[in-house]
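Participant: Let the sequences and hints guide you as you build the complete structure.
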Amino acid sequence: MRPRIRRRSGRTLALAGAGGMAAVHAAAAPTAGCRLTVVASASGRSSRSLAGEADARRIPVADLPGGAEVMVVATPTTTHTELATRGASAGAVVLVESPWCTSAADADDLLAADAAGPGRIRGAAPTRCSPAWRATMAERRTLGPIRHLSGCCALPAPDWGHLGADLDDGIRIRLSAATALPLLEDLAGGPVVGVAAARTASGHELRPTFRTPQGDLDATVELRIGAGSEVWFQASADDGVVRVELAPGRLLERNGGPIVLPSGSAADDPLVRAGYVDQLSGLGLDGDLTVDPATIRRLTAATDAALRSLGASGDRVEVR
Numbered sequence: 001m002r003p004r005i006r007r008r009s010g011r012t013l014a015l016a017g018a019g020g021m022a023a024v025h026a027a028a029a030p031t032a033g034c035r036l037t038v039v040a041s042a043s044g045r046s047s048r049s050l051a052g053e054a055d056a057r058r059i060p061v062a063d064l065p066g067g068a069e070v071m072v073v074a075t076p077t078t079t080h081t082e083l084a085t086r087g088a089s090a091g092a093v094v095l096v097e098s099p100w101c102t103s104a105a106d107a108d109d110l111l112a113a114d115a116a117g118p119g120r121i122r123g124a125a126p127t128r129c130s131p132a133w134r135a136t137m138a139e140r141r142t143l144g145p146i147r148h149l150s151g152c153c154a155l156p157a158p159d160w161g162h163l164g165a166d167l168d169d170g171i172r173i174r175l176s177a178a179t180a181l182p183l184l185e186d187l188a189g190g191p192v193v194g195v196a197a198a199r200t201a202s203g204h205e206l207r208p209t210f211r212t213p214q215g216d217l218d219a220t221v222e223l224r225i226g227a228g229s230e231v232w233f234q235a236s237a238d239d240g241v242v243r244v245e246l247a248p249g250r251l252l253e254r255n256g257g258p259i260v261l262p263s264g265s266a267a268d269d270p271l272v273r274a275g276y277v278d279q280l281s282g283l284g285l286d287g288d289l290t291v292d293p294a295t296i297r298r299l300t301a302a303t304d305a306a307l308r309s310l311g312a313s314g315d316r317v318e319v320r
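Read in the numbering used here, the sequence shown has 261 at position 261, and its numbers run on one by one without any break.
Hint data in this document are derived by calculation from the structure and do not stem from the laboratory. Computed from a prediction, not measured in an experiment: that's the story for all the values here. Using N, Cα and C, we set each Cβ at its ideal position, and we do this for glycine too. Among the hints, erroneous ones may be present.
Just the calculated beta-carbon pair ranges, DEER-fashion [stated by the list, open to error]:
no.	residue 1	residue 2	range
1	P258	P76	22 to 30 Å
2	R316	E253	40 to 48 Å
3	R141	D292	38 to 46 Å
4	P76	G282	24 to 32 Å
5	D169	R141	29 to 37 Å
6	A116	S202	24 to 32 Å
Facilitator: Given below as structure tokens:
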């Protein structure tokens, strides 16, 4: 079922795509202070439906961003760079849904387009924008250097029209790693520089290495795509442990004791809780927590490295 869309004025928003993810952004827009003005999609029926719900115009894809100040690209990954380039060159701030790019080479083109923009393209990272993650990072900043880092990112199988039921290793890793890797970099305090990967009975295990001021930090994260959600991360330092559970429930602990997470009518809105509202409201502004193009390129290269590792008996592969 699509989230209910309310109408509210603010920054104008264009949607490239009219599927499930586009509907989520349309529903988050009013609370985020945005007004959906145009929808474009290869599927005329879907775009007419979504545009009608939000009292927006349906336009051809070639006419994007249709004068809007903000544009969200929620289309098949193979079209992301082309559409983001079109939106940025027309002056819109562009949010690209994950998986952001098909490969590091594709991300190079996105990076070049952003440099020509300049600085108008961002990668979606709703969990990183959520109240629970901001609270997690407030606790993380009180710790010293991280000595142990682990996590799990198990996501429901997507029901997007362009993805079939048979998901290969590439799709599974790119979908889940796009959520996990930005959060692991936040906790580690440094960029990912190498990845080893292995298949497990239920999915994949990634063993990323992060370069921190104190030296390289090896982490482990379980990635799964299937029924239900399970997302948690744990970071241990000499002076304490922070653990956050983001799905199916929310829980933040410091040294085993609970930390109160934001609550109330606004914080309990599912779109606020998941980070979609703050992601859109802060897009392109000071404090924007979405992913910049250089990070998109690095994390996409990390997923490329993970796939090469799968083909090399799990050997660690350098991110390049």
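Participant: Hint by hint, say whether it matches the structure.
Facilitator: Consistency of the hints with the structure:
no.	hint	result
1	P258 x P76: 22 to 30 Å	violated (41 Å)
2	R316 x E253: 40 to 48 Å	violated (31 Å)
3	R141 x D292: 38 to 46 Å	violated (20 Å)
4	P76 x G282: 24 to 32 Å	holds (26 Å)
5	D169 x R141: 29 to 37 Å	holds (35 Å)
6	A116 x S202: 24 to 32 Å	violated (43 Å)
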